[in-house]
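S.K.: Going down the list, the sequences are from chains A and B.
The first sequence runs 69 to 715 under our numbering.
The second sequence runs 24 to 207 under our numbering.
Honestly, I wouldn't trust all of these hints.
[Claimed, not checked] Simulated DEER-style distance windows between Cβ atoms: (1) ARG145/B <-> PRO621/A: 51 to 59 Å; (2) ILE41/B <-> LEU301/A: 44 to 52 Å; (3) LYS591/A <-> LYS203/B: 58 to 66 Å.
[Unchecked claim] Calculated Cβ distances over 12 Å to all of chain B for the following chain A residues: (4) ASP411; (5) LEU536; (6) ARG629; (7) ARG657.
Simulated from the structure, these hints should not be mistaken for lab results.
The C-beta atom is built at its ideal place from N, Cα and C for all residues, glycine as well.
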Amino acid sequence: MIAEAGLAALWLAAALALLQLLLGIVALRGEREDWMRALRPVAMVQAALVALSFGLLILLFLRTDLTVLLVVENSHVAKPWLYKFAGTWGNHEGSMLLWVMVLAVSGGAVALFERQLAERTLVATLAAQAAIGLGFYAFLLFASNPFARVSPAPAEGNGLNPLLQDPGLAFHPPTLYFGYVGLSVAFSFAVGALVTRDVGPAFARAMRPWVLGAWVFLTLGITAGSYWAYYELGWGGWWFWDPVENASLMPWLAATALLHSVTVVATRDGLRAWTVMLAVVAFSMSMVGTFLVRSGILTSVHSFAVDPTRGSFILALLAIYIGGALALFALRVGTVREGSRFDIVSREGALVLNNLLLSAILGIVLIGTLYPLAVEATTGEALSVGAPYFNAATSPIALLLMAAMGAGPLLRWRRDDWRSLARRMAAPAAVLVLALGAVLVAAPGIGIFPLLGLVFAAGVGVASVAPLWKRNLRRTPLFTWGMVIAHLGVSVSVVGMACESAFTRETLVAAAIGETQTVGPFKVRFDGVMPIAGPNWTAIEGTLTVSRGDGTPWVMRPQARMFSSPPTETNEAAIKTLFDGQVYTVLGRQTEGGDRWQLRLWWKPMVTLIWLGGAMIGLGGLLALIGRLARGRRHSPSGDGAAGVLA
Amino acid sequence: MTSPATRKVRILLWVPLIAFVAFVGLVASGLLKPTANVTLVSKLVGKPLPEFALPPGVAGQPGLTAADFRAGKPRLLNIFASWCVPCAAEAPVLKQLADAGVEIDAVAIRDRPEDIARFLGRWGNPYARIGSDVDSSIQFALGSSGVPETFVIDGKGVIRHQHIGDIRAENVPEILAALKDAER
Numbered sequence: 069m070i071a072e073a074g075l076a077a078l079w080l081a082a083a084l085a086l087l088q089l090l091l092g093i094v095a096l097r098g099e100r101e102d103w104m105r106a107l108r109p110v111a112m113v114q115a116a117l118v119a120l121s122f123g124l125l126i127l128l129f130l131r132t133d134l135t136v137l138l139v140v141e142n143s144h145v146a147k148p149w150l151y152k153f154a155g156t157w158g159n160h161e162g163s164m165l166l167w168v169m170v171l172a173v174s175g176g177a178v179a180l181f182e183r184q185l186a187e188r189t190l191v192a193t194l195a196a197q198a199a200i201g202l203g204f205y206a207f208l209l210f211a212s213n214p215f216a217r218v219s220p221a222p223a224e225g226n227g228l229n230p231l232l233q234d235p236g237l238a239f240h241p242p243t244l245y246f247g248y249v250g251l252s253v254a255f256s257f258a259v260g261a262l263v264t265r266d267v268g269p270a271f272a273r274a275m276r277p278w279v280l281g282a283w284v285f286l287t288l289g290i291t292a293g294s295y296w297a298y299y300e301l302g303w304g305g306w307w308f309w310d311p312v313e314n315a316s317l318m319p320w321l322a323a324t325a326l327l328h329s330v331t332v333v334a335t336r337d338g339l340r341a342w343t344v345m346l347a348v349v350a351f352s353m354s355m356v357g358t359f360l361v362r363s364g365i366l367t368s369v370h371s372f373a374v375d376p377t378r379g380s381f382i383l384a385l386l387a388i389y390i391g392g393a394l395a396l397f398a399l400r401v402g403t404v405r406e407g408s409r410f411d412i413v414s415r416e417g418a419l420v421l422n423n424l425l426l427s428a429i430l431g432i433v434l435i436g437t438l439y440p441l442a443v444e445a446t447t448g449e450a451l452s453v454g455a456p457y458f459n460a461a462t463s464p465i466a467l468l469l470m471a472a473m474g475a476g477p478l479l480r481w482r483r484d485d486w487r488s489l490a491r492r493m494a495a496p497a498a499v500l501v502l503a504l505g506a507v508l509v510a511a512p513g514i515g516i517f518p519l520l521g522l523v524f525a526a527g528v529g530v531a532s533v534a535p536l537w538k539r540n541l542r543r544t545p546l547f548t549w550g551m552v553i554a555h556l557g558v559s560v561s562v563v564g565m566a567c568e569s570a571f572t573r574e575t576l577v578a579a580a581i582g583e584t585q586t587v588g589p590f591k592v593r594f595d596g597v598m599p600i601a602g603p604n605w606t607a608i609e610g611t612l613t614v615s616r617g618d619g620t621p622w623v624m625r626p627q628a629r630m631f632s633s634p635p636t637e638t639n640e641a642a643i644k645t646l647f648d649g650q651v652y653t654v655l656g657r658q659t660e661g662g663d664r665w666q667l668r669l670w671w672k673p674m675v676t677l678i679w680l681g682g683a684m685i686g687l688g689g690l691l692a693l694i695g696r697l698a699r700g701r702r703h704s705p706s707g708d709g710a711a712g713v714l715a
Numbered sequence: 024m025t026s027p028a029t030r031k032v033r034i035l036l037w038v039p040l041i042a043f044v045a046f047v048g049l050v051a052s053g054l055l056k057p058t059a060n061v062t063l064v065s066k067l068v069g070k071p072l073p074e075f076a077l078p079p080g081v082a083g084q085p086g087l088t089a090a091d092f093r094a095g096k097p098r099l100l101n102i103f104a105s106w107c108v109p110c111a112a113e114a115p116v117l118k119q120l121a122d123a124g125v126e127i128d129a130v131a132i133r134d135r136p137e138d139i140a141r142f143l144g145r146w147g148n149p150y151a152r153i154g155s156d157v158d159s160s161i162q163f164a165l166g167s168s169g170v171p172e173t174f175v176i177d178g179k180g181v182i183r184h185q186h187i188g189d190i191r192a193e194n195v196p197e198i199l200a201a202l203k204d205a206e207r
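Taking the hints into account, I'd like the entire structure generated from these sequences.
M.R.: As structure tokens, this is what we get:
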């Protein structure tokens, strides 16, 4: 019954989405205000129905209802409840339902909360949101039904991929999806504004909180995903430039650019067409990412099921939505008056630079991700683009971007002059030079990018805090705090990346029990192994006694786990976080003959700063969002210009 | 009415759409193409074996040189290691091939004689010769990327076929056909 109810709710939601689209079109054509008013409740009910449907799917997983095919394929009676819960979206159908739910809930939230946008643009926006929804409902109902039954019901399920059996995974995909799909709101806003030809400061102010919200989720999702890959995959890396990671990075880059350009529209009424373009691109990147991941067209460590039928379906949806939006853009944006002009040396100028550099990185990542596909299509040769390309191509641009980030907030709107900028940048520049000297003395052999990363991080870190200089901190608006914290977070993260890349020490040995290894400043004694059992796995657990020099030792227990359903081996790294970095240990296979074990030991100085910085960026975004919402409330419904100070 | 400059801007506005259409075309061609098993086939298939001379991998059995493959009869060159689990899984199938009269030589990768001896004692020894490749240099020269892998070499020392991964019972006809092919 539960499965049928879930399916029925999904069908009803799809019908409401169709109604929402038609109602929107008819209301806009006929200028029928009464019909326009009906749109909001329809969107909210649609959201509630999909949420119900998703809730019912969770219930099926929690109860391990083995008459449902999806549960059979992805769950198991013996699984801990948290993973039964997370198993709901740890598979294709469930994750697509989650995707659609976030889409509908975002639309419902716009219907419920949006008060600043002109009513006609809101109607067009909700209609656009419904149009996107319709395609994905069709995809779910016709090509990926999560509620399909299986008969006869088997006695046990297949289980969830053991790599995915981790608390981090319970919350990683939903966070990321709220970011990915939350960008649909910006997309629909852009389409709506193109339809009604209403792009301006009020539109930008209305769109900004939605972009910020999605961006915060994306930032946190990517940060969490990076940490999850780091400790769960047991490879010791924090970013692999894997297609699936790139799929989440590309919308983030576009959204970051959008976040900054939308502020230019809101404050100075400039960059209108560009901002609309970015809003389209950001969500398009989300959809392209979903497609690349879900179609299995790119091979990746995140091996999802390969299914060409589903791939073609999503591709068709992509062609309709993105192609439609880009065509609308080309047709309509010429009629959107370009906003006011500004000097190159100005806040706007720095934000344009920020946008150009972010777009360049986005282009590099996109090309690197699609290149293997293009080569395979033309020459039939299979190849992959590795981290060296991405690192070499993006690092210089990222450094320039950091410089722009440091200077931007210190510039005035509209026009400024080089001399006063130089005066304001004096302190950060001094810190930069000092850092250069310090790093060269402490680590003479350091590579060029880690060196520049550390040096820029120091200088830009100081510049990031400079907007607070000589200000009454208690009266500084929350969104200014948000900006400062987010920008500082970038510096913190870059310090972590640079240290990880320059100073990591690695030891790979076949160790006999009782032997002591060294890695960096640490001594690691291999005390022995012991079999242990978990709820649905057994493991060999190594015992390592680790100490720094002659300091107090501690014990680390990496595991090589064997999961029973499906039969898979994973390496559970043991990680010890110290104040200045992490010791990362992995127990590998027993060597043939049985007296030695493969051990991988890493000392990763300052590596935690990578994710601390990521969390700071997300926190900064959250503060800016709260600040905007509080300010917006005070000024609504008129939403006058005072709200337009840059975050 | 419209100046050339604005017309140029108008055309530029279509660039994103055109780029996107190209993307869709590219991806669609990738999707519609029948999905072959993507494996990295050695560039050396169809070419003579690189010259090498490996010391014996285990006591009591000869080592392996490229010249051994130029004796006029097709042979299998199996790349294995005692520390490799799929190699153990493959052992009974190799044994079966050897019993059927197929001559098999081996290159043991990053291995020690006592470990190889233990492995052969446990899983059977289908090999005529075993060369020891302690630093994988011959493996890489052969264009092999993992263990186990098996090459079919014809009587003149030319690589005719490469099998990546363990040979399973269902692969035996394919291997035998490749050997038969190599006789011509």
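S.K.: If a hint holds in the structure, say so; if it doesn't, say that too.
M.R.: Hints, one by one, checked against the model:
no.: 1; hint: ARG145/B <-> PRO621/A: 51 to 59 Å; in the structure: violated (39 Å)
no.: 2; hint: ILE41/B <-> LEU301/A: 44 to 52 Å; in the structure: violated (39 Å)
no.: 3; hint: LYS591/A <-> LYS203/B: 58 to 66 Å; in the structure: holds (59 Å)
no.: 4; hint: ASP411; in the structure: holds (22 Å)
no.: 5; hint: LEU536; in the structure: holds (39 Å)
no.: 6; hint: ARG629; in the structure: holds (16 Å)
no.: 7; hint: ARG657; in the structure: violated (8 Å)
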